[in-house]
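Chemist: Using the hints, position chain L with the ligands against chain P.
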Amino acid sequence: MMAYRRERKVKKGGKRSGTSVSDRDGIIALKDLTKKFGNNVVLDNISLTIEKGKTTVVIGPSGCGKTVLIKHLIVLLRPSSGEVYFKKRRIDNLDEHELNKVRTRYGFLFQAGALFDSLSVAENITFPIRQHYKIKDWSEVEELVKTKLAMVGLDGFQNFYPANLSGGQRKRVALARAIALNPEVVLYDEPTTGLDPIRADVINELILKLQRELGVTSVAVTHDMTSAYKIADRIIMLHHGKIIADGNAEHIRNHPHPVVQQFINGQVNEDDLAVLRASGTIFQAQFLPRDFEE
Amino acid sequence: MIEVIGTKAIAGVGNAGRFGRFVWQTIVASARSCVTTRTYPLIWTQMNLIGVRSVPIIMITGAFVGMILAVQAYDQLASMGLEERLGVLINISVVKELGPVLAAVMLAGRVGGALTAELGTMNVTEQIDAVRSMGTDPIRYLVAPRVVACLLLTPALIIYADLLGILGGYFVGVIQFGINSWAYRSYSAAGVELWDVVVGVIKGFFFGAAIAVISCYKGFTCKEGAQGVGQACTDAFVASFISILAMDYALAVIFKAIYNTFWPIRSLV
Ligand SMILES: Nc1ncnc2c1ncn2[C@@H]1O[C@H](COP(=O)(O)OP(=O)(O)OP(=O)(O)O)[C@@H](O)[C@H]1O
Ligand SMILES: [Mg+2]
Chain P
1 MMAYRRERKV
11 KKGGKRSGTS
21 VSDRDGIIAL
31 KDLTKKFGNN
41 VVLDNISLTI
51 EKGKTTVVIG
61 PSGCGKTVLI
71 KHLIVLLRPS
81 SGEVYFKKRR
91 IDNLDEHELN
101 KVRTRYGFLF
111 QAGALFDSLS
121 VAENITFPIR
131 QHYKIKDWSE
141 VEELVKTKLA
151 MVGLDGFQNF
161 YPANLSGGQR
171 KRVALARAIA
181 LNPEVVLYDE
191 PTTGLDPIRA
201 DVINELILKL
211 QRELGVTSVA
221 VTHDMTSAYK
231 IADRIIMLHH
241 GKIIADGNAE
251 HIRNHPHPVV
261 QQFINGQVNE
271 DDLAVLRASG
281 TIFQAQFLPR
291 DFEE
Chain L
1 MIEVIGTKAI
11 AGVGNAGRFG
21 RFVWQTIVAS
31 ARSCVTTRTY
41 PLIWTQMNLI
51 GVRSVPIIMI
61 TGAFVGMILA
71 VQAYDQLASM
81 GLEERLGVLI
91 NISVVKELGP
101 VLAAVMLAGR
111 VGGALTAELG
121 TMNVTEQIDA
131 VRSMGTDPIR
141 YLVAPRVVAC
151 LLLTPALIIY
161 ADLLGILGGY
171 FVGVIQFGIN
181 SWAYRSYSAA
191 GVELWDVVVG
201 VIKGFFFGAA
211 IAVISCYKGF
221 TCKEGAQGVG
231 QACTDAFVAS
241 FISILAMDYA
251 LAVIFKAIYN
261 TFWPIRSLV
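From first to last, the protein sequence lines stand for chains P and L.
Per the working numbering, the first sequence starts with residue 1, numbered consecutively.
Per the working numbering, the second sequence starts with residue 1, numbered consecutively.
No lab work stands behind these hints: they were computed from the structure.
Virtual Cβ for every residue (Gly too), placed ideally from N, Cα, C.
Hints are supplied without guarantee of correctness; some may be wrong.
Here are some of the chain L residues that sit facing chain P, going by a computed Cβ distance under 8 Å [claimed, not checked]:
id	residue
1	T125
2	E126
3	R132
4	T136
Excised from the complex, chain L in its bound form:
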């Protein structure tokens, strides 16, 4: 029993160490690839695959989030006669939390899964060894462009999700429930600050980096065979998902502390 815990603990520490090294090498390689123009085409390709192709699904996610929030919150607010403030509630939730987190989860599935499957397959078919055998660092060639692309594009995609969430909430609120359009907009504008939007977008950098690094790491350490690749994809998604939530919590605490030191508490409605 103790032996089992012991070996598990040793394996755990070993894995953490390997992951730490991988993260460090990725940071160094990514920083380098930002200043060498030769890697720009690689980053560009990845941006196209990761970012551009994710736009529709991210927009759909955002729109539905806004619409669902409107449907769920309307009755409660209406019973207190506060329905004109529906927009504040929706927009704050979307911009600060739901937009970033759901967009990131969507990307963890769409992009993270593809990254792990691609790199995992390259790993089991010795293509990563082939990169090494030709004197190229696979982290520089394969991981850095993907991480940089994800890091830059996740915030941009979050803005899309926010935008569509806001529009979705607006349409349901104003058209379906007949809230006065001008009131909806002016309360929203008064309730949502630039800070809220910025917080959400900054989260995007962290989420994007986490998704890319975790997915690439899982691909690189993938076990042999089709089953190994499948397992790596599952692990990558679960790990990305958990770390998105954990980072979201940590960032919420940090940003709240920052906010409170500059501005006093305000009431949302």
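Chain P on its own, in the form it takes in the complex:
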């Protein structure tokens, strides 16, 4: 059997033997993490432990730093201050070469897919395999690509190029690529955004299946509360760079914080509507035909 198939077995075994000590400490941990871009403080002193084998969902309004947070878990961004741990090993201060070894344990789904547009769908999915293994038997790799694509409902699209796919299809190919190496941890940045409700549910099922059958630890960023309630063991809400709510779906549903309630129910704050409510603003904001008249 081929090496990359074997690795999954090793990991499965590892999960069984990995006892509660490491489970309690979490597989990934953030300690007092702060991230600034110039003077813009995006993450403000966040501490967080991601439990092994669980699905953690990060919610929060657009622009609150969810993508920035999830990129720190794999150290694609380095913290301004604070520490990141993977399996109790500090990783935020490693050099890129060391980090690359750690990163092979992860799968990362980028918010916009980030497919390689010069490679076909099949080549995109085999990219991490080709990088890390010597392939002797291409037919087995082909089979693997077929399976991964079938999981996201895209079997038959092997020879398409990303430019010829729709946004949602790209996202799903990117998801297939993220799980190509059978990672222990998968980080999803908005896995269901841009998908139709049925397809979104298939992705939810896929995330659940990876967790149940392979013991994958997942961290998903999403706006989609249906998806969040369905897949989450734990939901974290981010607001102004801080975690304002943290708990299971039930806890979040009944959370007293008004911002949380507004977010999960999709209710607008009256302040945000002030501009629209004020009479005449829409009219003022229009280009009127007379602007173009001679």
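Modeler: Only chain L with the ligands this time, still in chain P's reference frame:
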């Protein structure tokens, strides 16, 4: 005022440091990729894109350089009755300076621009981060093959430019101005040494490496958006161009010193 200069200086030093690190990592990765057969297909693809597709434009450049030199120099030489030595002048200029430099400038535009635009776009669409997220070093995967391909092919392309420059000069000299063909050739052969050709070709290695490294670096550090990519391409071309000229000067001084230690000064005409 002093504050502005200070912050600029700090930024400048920071950039130089980052560029230095990038160059060092590129050298290490390129050396590695030369000894691992797994990266050969990547290098091969890049050689095809960078080298093979540049041949026509390089040949056209070379031919025109030779032809223009012949047109410009003929009258001066003819007024002194030295027109049969036209070939020496053209061929030395083409082989030593104009061939390498103009070919390199051509490549900085054609190849460097494409490299920066490609890597810059990959950068702003997070494809470089995607490479990193899958545990692969983007410098090894993206930069090294391009640098190796450029390094190997620029000298080869310079030979093409030289060849066409020589032919271009010959045709204009012999056919348009009616210089005796045998005289043109024998003076040229006596005036141009192997050393001159070798110097030009060696320059090619330096120019090729500089173009590739600078263009890749600009792509990697490109700012967000279409404008960022455009700006990076412009910067890459300007920086490549300046460094080609600066390196040409430095190499001219070095090679002259080497030459003079072995052979005494000779007269070209
Ligand atoms: N590379 C960067 N340079 C400067 N600022 C950045 C950078 N990346 C993110 N930011 C800032 O960080 C903040 C959070 O961005 P982030 O992409 O994490 O938002 P998000 O929560 O993922 O939003 P969305 O749901 O719309 O994707 C934004 O205000 C943005 O301006
Ligand atoms: Mg985001």
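Chemist: Against this structure, judge whether each hint is valid.
Modeler: Do the hints match the structure? See the list:
{"no.": "1", "hint": "T125", "in the structure": "6 Å, holds"}
{"no.": "2", "hint": "E126", "in the structure": "4 Å, holds"}
{"no.": "3", "hint": "R132", "in the structure": "6 Å, holds"}
{"no.": "4", "hint": "T136", "in the structure": "5 Å, holds"}
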